[in-house]
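Trainee: Sequence:
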Amino acid sequence: MRTKTLKSFGKRLQSKDFKITLCENNLEIANILANTFINIDGVEVIHGNIFHLWADAVVSPANSFGDMSGGLDKAIDDFYGMKAQSKVQNKIREEYLGELPVGMTITLEMQSLQFPNLMVAPTMRIPEKVTNSLNAYLAMRAIMVELIRINKKQAGKIESIVIPSLCTGVGRMPYQESANQMFTVFKNIMFGGWLDVAHPAMAPYALKAQ
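Numbering-wise, the sequence shown is residues 271 to 480 according to the working numbering.
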C-alpha cells in the first residue's frame, strides 16, 4: 500500500508552522481523522504506508517499557535496522529507571535521512485495552509538548512529524474517540487553550474524569 492524501495542509499554513502528518493504513480511521481535523491548516491526513513518507521525525506509540516487538512499533524497529528498540529501552532505563509513563515522550536521533528523529510516546503502560482512558490525549499532548520543547532548544530541528493514530490497535479505543482526543490536544496546545486553564476543573476532560 502506498499513500493517498485524504486531507491536505491548509492554504494558511506558514513556513514557520509545524507540519503534522497523521498517517493511518486503516481507511476507516484515516477518514475519521481527516474529518476531525478538516479545518486545521497545519495538519494533513494520509491513508497508507507510513514508510512511504519523509519527515524530520516519526512517532512510535509504544508501551512504557519500550517493547517494540509487535505491530507498528515492530515495523519501526525493522525500519531502523532492528536498532530502535534497544536504543529506546536503554534511554528509558537511563533516564526513567526502566519505565516511561504514559503522558511523556522521549526523542532519539537515528541514522536515517527519511526519519532522522524517533519520538516514543507510550499509549499504554503494558499492552492492554485502554478503551475508556484518556491515553490518546495524554500521548498526543506529550508529543506536542516535546515538539515545542525541542525546537525551543534548537530552532528548526523538527519542523515536520508523522504521527499514527493513537490507542486504536491493541488499545481498542473507539476510532472517533481517539481522533477527538488528538484534536483536543492540538486545539489546546497550538491555539493556546491551555492558557485559559486557571483551575484543574477547567482542563480538557476534567469533568469526564469525575
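No lab work stands behind these hints: they were computed from the structure.
Just so you know, not all the hints are guaranteed correct.
[What the hints assert, rightly or not] DSSO-like cross-link-like pairs, simulated, lysine-lysine; straight-line CA separation at most 27 angstroms:
| id | residue 1 | residue 2 |
| --- | --- | --- |
| 1 | Lys281 | Lys399 |
| 2 | Lys399 | Lys289 |
| 3 | Lys281 | Lys427 |
| 4 | Lys286 | Lys274 |
| 5 | Lys274 | Lys361 |
Trainee: Under the constraints set out in the numbered hints, which ones does this structure not fulfil?
Mentor: 1, 2, 5
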